[in-house]
Amino acid sequence: MSFERLALPHMQSAYNLARALMSSPTDAEDVVQEAYLNAFKSFASFRGQDVRPWLLAIVRNAAYGMLRARRRAGNVVAIDWPGRDHHEDLPHQVASQEATAEERMIAAIDAAYVWQALAELPAPMREVLVLRELEEMRYQDIADVMSLPMGTVMSRLSRARRELGRAVRRLNEKDERSAV
Amino acid sequence: MPCEFSEHLLGSYLDAELDAASAARVKQHVAACAACAAKLEQWREIGAAVRKAGPAPMPEGLAARVARRIEQARQTAPVPPAVPAPAAWRWMAVPALVRQAAVLLMACGLTALATWWTVATSERGKLVQREQLSAHIRTLMQEMPVQVASADGHVVRPWFAGKVDVAPPVKDLAAQGFPLVGGRVDYLGDRRVAALVYKRRLHVINVFAWPETTSAAPRSAVLQGYNIVTWSSGGIGYSAVSDLNGAELQELQQLLQ
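Protein chains in written order, with our numbering: chain A, 14 to 193; chain B, 700 to 956.
Heads up, some of the hints might be wrong.
[Claimed, not checked] Keeping only pairs whose Cα atoms sit at most 30 Å apart, straight-line, the calculated DSSO-like set for lysine-lysine is: (1) B:LYS825 - B:LYS862; (2) A:LYS54 - B:LYS862; (3) B:LYS862 - A:LYS187; (4) B:LYS825 - B:LYS870; (5) B:LYS862 - B:LYS898.
Treat the hints as calculated values from the structure; they're not laboratory data.
Since we're looking at a predicted model, the values are computed, not measured.
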């Protein structure tokens, strides 16, 4: 099976991860292009079952490589997130219809804040959330992509969820105060 | 009052990573604990919101640009060999008849391989030892011979899972004078193998591990002044390489067996 047939179908996943790590769509595209070239060059050594974790690990390396180079050059790395500009389009209630009182209270956390809050998280938190929630990967695959033990993946995911929840609440409260 | 229930468990439950018994335990707790139920609901909601916003919109023509660059690379660079992939993804795609033929062919191939194997083993053994020694010397030239630095076997062994064909049992032998430095993935004999790094005083010891079906008693060899002890047990082949003296290296071998 050719490299193209195996790897090109995963470009959306590659771009999602690149976009989670890089501040602009242009940088994300550069990362994806570089990653695919690197993947192509090292394809001969690919022995795995599943091309996606292998490919995403290469995307991640390319992204962090570029971020490191930027940092060395003294540029500030901005954090942004796709969808941030049009978060108004998001539905405001995600809770199910037979939500209990308790659930309704929590559901008051506006889904739109999630995007703003995501942008405030550090990159390692963002990438683990993207791999889990957007790519819906198993812990084992995430561990492979991030070259981390499974236990660390779990801690990082817990922390990312906790911090995101906190950031969403903070934004929500700030908004309510300014509304009053 | 915040609940002390493990967030790892809660998260693994949400992500369907738990076995049935643990999942039932979490479910029972969540039913009784409002704080955890709320947390779970919030996490669920965050996940749903991320998914709802969906994939990042890709720049137009990205796929074409990537394909073009790969094509250019293919023309300018030496062609990388097609993957001789044994993997499952190909398997599912072929029709049944072809699959059966493949199984037959594979059986023939395996027989031939087995014959070749017995003939070539002695020659191969030397080659493998040479490779192991090279890998060992490479690590001596690096600042950090490990990718995961931990003296805890329960950290090092799970780290290997999915990275190599077989994750060997990992023991810290600090009490016996062989402290565990950590582990890394190395590439030997055309495959990824687990490498454990131990120390004895100032000597670095690499212990390589790979799947091996036959059991073999330990054999010692000396190559370029380095000692190599090779053995296999429990479906895993091992090779310990070091400039440590042969007697002490054998001592480590016995501790690991």
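For each hint, the structure was consulted:
1. Distance restraint check for B:LYS825 and B:LYS862: the Cα-Cα separation of roughly 26 Å lies within the 30 Å cut-off, and the hinted pair is therefore satisfied.
2. Restraint check: the Cα-Cα separation between A:LYS54 and B:LYS862 comes to about 20 Å, which is no more than 30 Å; the hinted pair holds.
3. Proposed proximity of B:LYS862 and A:LYS187 is contradicted: the alpha carbons are some 45 Å apart, above 30 Å.
4. For a cut-off of 30 Å, the pair hint linking B:LYS825 to B:LYS870 stands: about 28 Å separates their Cα positions.
5. For the given pair, B:LYS862 sits about 23 Å from B:LYS898 by alpha-carbon distance, which is consistent with the 30 Å threshold.
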